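Number of protein chains: 2
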Amino acid sequence: MSEIFIGIDVGGTNVKIGLFDSELKMICKTSITTEADMGPEVVINNMAQAAKELLTEAGFSLQDIVWVGIGTPGPAKYSEGIIIKSTNMPKFKNVPICKMLNERLGAPVVYDNDANVACWGEYAVGAGKGVKDIVFFTLGTGIGGGIVSNGELVHGCDENGAELGHMIIYPNGRSCNCGQKGCVEAYASADSTARRATEAIEAGAESSLKQVLDEKGKITSKDIYGHLAKGDKLAKEITDGTAEALAITCINMLHTTEPKRIIFTGGMIAAGDVLLNRIKDFFNEHIWTLKKETVEICFAMLGEDTGIIGAAALARHAKQQGKLK
Amino acid sequence: MSEIFIGIDVGGTNVKIGLFDSELKMICKTSITTEADMGPEVVINNMAQAAKELLTEAGFSLQDIVWVGIGTPGPAKYSEGIIIKSTNMPKFKNVPICKMLNERLGAPVVYDNDANVACWGEYAVGAGKGVKDIVFFTLGTGIGGGIVSNGELVHGCDENGAELGHMIIYPNGRSCNCGQKGCVEAYASADSTARRATEAIEAGAESSLKQVLDEKGKITSKDIYGHLAKGDKLAKEITDGTAEALAITCINMLHTTEPKRIIFTGGMIAAGDVLLNRIKDFFNEHIWTLKKETVEICFAMLGEDTGIIGAAALARHAKQQGKLK
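For the protein sequence lines, the chains are A and B, in the order given. Residue numbers are given in the working numbering: position 131 of the first sequence equals residue 131, and the series is strictly consecutive. Throughout, the working numbering is defined as the position within the second sequence, counted from one, plus 1000.
Derived from the structure by calculation, the hints contain no laboratory data. Note that the structure is a prediction, hence the values are computed from the model and not measured. No residue lacks a Cβ here, since even glycine has one placed at the ideal position from N, Cα and C. Be aware that a few hints might be false.
Derived CB-CB ranges, DEER-like [what the hints assert, rightly or not]: (1) A:Gly12 - B:Glu1285: 28 to 36 Å; (2) A:Gly303 - B:Lys1291: 26 to 34 Å; (3) A:Asn284 - B:Ile1032: 39 to 47 Å; (4) B:Ser1208 - A:Lys132: 52 to 60 Å; (5) A:Asp281 - B:Asp1281: 19 to 27 Å; (6) B:Lys1323 - A:Thr30: 42 to 50 Å.
Restricting the straight-line Cα-Cα distance to at most 20 Å, the calculated cross-link-like pairs of lysine to aspartate or glutamate (DMTMM-like) are [stated by the list, open to error]: (7) B:Lys1260 - A:Asp281; (8) B:Lys1260 - A:Asp158; (9) B:Lys1291 - A:Asp158; (10) B:Lys1181 - A:Glu215; (11) A:Lys260 - B:Glu1080; (12) A:Lys132 - B:Glu1285; (13) B:Lys1181 - A:Asp37; (14) B:Lys1292 - A:Glu159; (15) A:Lys291 - A:Asp273; (16) A:Lys132 - B:Glu1080; (17) A:Lys292 - B:Glu1285; (18) B:Lys1077 - A:Asp240; (19) B:Lys1132 - A:Glu304; (20) B:Lys1323 - B:Asp1037; (21) A:Lys181 - B:Asp1281; (22) A:Lys291 - B:Glu1159; (23) A:Lys222 - A:Glu296; (24) A:Lys222 - A:Asp273; (25) B:Lys1129 - A:Glu285; (26) B:Lys1085 - A:Glu293; (27) B:Lys1181 - A:Asp240; (28) A:Lys132 - B:Glu1152; (29) B:Lys1222 - B:Asp1191; (30) A:Lys181 - B:Asp1021; (31) B:Lys1093 - B:Glu1035; (32) A:Lys85 - B:Glu1293; (33) B:Lys1132 - A:Glu293; (34) A:Lys260 - B:Asp1021; (35) B:Lys1292 - A:Asp281; (36) B:Lys1093 - B:Asp1037; (37) A:Lys291 - B:Asp1037; (38) A:Lys292 - B:Glu1293; (39) B:Lys1181 - A:Asp281; (40) B:Lys1260 - A:Glu285.
Working from the sequences, and respecting the hints, build out all of it.
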């Protein structure tokens, strides 16, 4: 009998499924459309069916599955295995996804939110490998977070911890979608970075990005890095604003759970060293002088399969912990 | 044979020692002068001797000691049981305090910094009892911190985590002793609170505190609360500044380790509800609207014996964990 871990990454559009061995090497993977409007019963049947077919194709059987890991966006009661609701899947309300998958696959299921799953993947086999304390940021539409402290994910008292995008770094600053003002997300997410550039141009700032705005009607963070590479001054200012906000957040996390590595992921990291180096510059500018800090600030390594790798890594961790099935 | 836990709280002036039963009820306690200038050998001999006398007086013997807990100010390698150096005890350099105490008392010794020890005491038997996630602030000359996440203290990768006073809440704001700008400590410690009042008066602000400054040459945080009670406008503004800085830090901790309770201690809490209620007001003003937060913000309960209670609680925890002796 083999030891197979299954990782499932549920998004509003696609569900990705991967089979992994006990070293977390990917054996094979597949992707199906979510079809969220068919409701939870159909969606979960489809994902179980796809997992079974993947097993069969690879020469395994249901008996080979040790644990299944799954990640979805929140909010959910992860420890109880229940999706409370979902913006992208409106028919999913109080769905006992772990129980339903367990009934269909016969193996125990561990569940967490997508940011924690990705964080755990980087911790187990990516940019966080080899240390016990990391902090993880996803720079996308918003900013998601994950914390591993002494080898365990930090969930918080109500499973709503590590919402690092909503740390307030500029009190009474820019409004955030969450209702707070001055969150790091309101400055440094891909969307906020683009929005700050748009606002600056609309307020009269000179920039080669103005032409992009005039022609396309909007600016993306990708546009900003493109124009930064060509020497645009506003693009540099906007990038610096993003980097400084992230650097201050890194300092605050250093004084909280004291990670050995701080890892960024998401579309924004396509900007490359031009962004990473500015984050490090601002970190060094703002950090205390009491002691030299040895924290490493870096980008994630796992790429597009992060979700299934992380879910499988959580599954393996559940097995290693001897969690009750 | 009885089960006795010893808690030791090492300060620059006094060493406090207490005996506790397995329910963490204090049996008896004593205090000796530290005499730090006699060097570590003498100091540790004295504290072991005092512990032995306390045991004898209470009718116990060395064989009854299960574990010893000890707290000192940092920096230290707590997990290795070594005081690296000490501002108040300059002759203490790389002192293997756990090993030395173990040789003299015959029991295993667990060691942590004073803020973590106090945090753990509140967690075990004080204001944090009954929950698994707390955040703890000491408002004194500086601001110290402690975090319990899922029932364990957060130490960080280099045992320097939970330095919560140095979270930056106003980037490029007031200078902090640590070399950063805008730390919460630079606004909301007892010293910084008093300093902000002094600066305001020197800059011409009208206040009944001016007379205090003229007569005594300085203002303390206690003066500020006294004059606040009498309706002084500046005292209210300064208190609000302290409360708002602390509230923002509470919000940031909520989005990090998501505590169920946030606990304040230190001389400043003598101010009472007038301070606590303002912290809650500002917390409610700045917190997000995504979900209603149920975190409780409160004051510590243990008072002057926190250090020995916390150290004994750590000792009991070490036993419960089955730590290697």
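How the hints compare with the structure:
| no. | hint | in the structure |
| --- | --- | --- |
| 1 | A:Gly12 - B:Glu1285: 28 to 36 Å | holds (34 Å) |
| 2 | A:Gly303 - B:Lys1291: 26 to 34 Å | holds (32 Å) |
| 3 | A:Asn284 - B:Ile1032: 39 to 47 Å | holds (45 Å) |
| 4 | B:Ser1208 - A:Lys132: 52 to 60 Å | holds (53 Å) |
| 5 | A:Asp281 - B:Asp1281: 19 to 27 Å | violated (38 Å) |
| 6 | B:Lys1323 - A:Thr30: 42 to 50 Å | holds (46 Å) |
| 7 | B:Lys1260 - A:Asp281 | violated (35 Å) |
| 8 | B:Lys1260 - A:Asp158 | holds (8 Å) |
| 9 | B:Lys1291 - A:Asp158 | holds (11 Å) |
| 10 | B:Lys1181 - A:Glu215 | violated (42 Å) |
| 11 | A:Lys260 - B:Glu1080 | holds (19 Å) |
| 12 | A:Lys132 - B:Glu1285 | violated (36 Å) |
| 13 | B:Lys1181 - A:Asp37 | violated (51 Å) |
| 14 | B:Lys1292 - A:Glu159 | holds (14 Å) |
| 15 | A:Lys291 - A:Asp273 | violated (26 Å) |
| 16 | A:Lys132 - B:Glu1080 | holds (17 Å) |
| 17 | A:Lys292 - B:Glu1285 | violated (36 Å) |
| 18 | B:Lys1077 - A:Asp240 | violated (37 Å) |
| 19 | B:Lys1132 - A:Glu304 | violated (35 Å) |
| 20 | B:Lys1323 - B:Asp1037 | violated (33 Å) |
| 21 | A:Lys181 - B:Asp1281 | holds (16 Å) |
| 22 | A:Lys291 - B:Glu1159 | holds (13 Å) |
| 23 | A:Lys222 - A:Glu296 | violated (25 Å) |
| 24 | A:Lys222 - A:Asp273 | holds (14 Å) |
| 25 | B:Lys1129 - A:Glu285 | violated (40 Å) |
| 26 | B:Lys1085 - A:Glu293 | holds (18 Å) |
| 27 | B:Lys1181 - A:Asp240 | holds (18 Å) |
| 28 | A:Lys132 - B:Glu1152 | holds (15 Å) |
| 29 | B:Lys1222 - B:Asp1191 | holds (10 Å) |
| 30 | A:Lys181 - B:Asp1021 | violated (49 Å) |
| 31 | B:Lys1093 - B:Glu1035 | holds (15 Å) |
| 32 | A:Lys85 - B:Glu1293 | holds (18 Å) |
| 33 | B:Lys1132 - A:Glu293 | violated (30 Å) |
| 34 | A:Lys260 - B:Asp1021 | violated (38 Å) |
| 35 | B:Lys1292 - A:Asp281 | violated (37 Å) |
| 36 | B:Lys1093 - B:Asp1037 | holds (12 Å) |
| 37 | A:Lys291 - B:Asp1037 | violated (26 Å) |
| 38 | A:Lys292 - B:Glu1293 | violated (36 Å) |
| 39 | B:Lys1181 - A:Asp281 | holds (16 Å) |
| 40 | B:Lys1260 - A:Glu285 | violated (34 Å) |
In terms of the numbered hints stated before, the structure departs from hints 5, 7, 10, 12, 13, 15, 17, 18, 19, 20, 23, 25, 30, 33, 34, 35, 37, 38 and 40, listed from lowest to highest.
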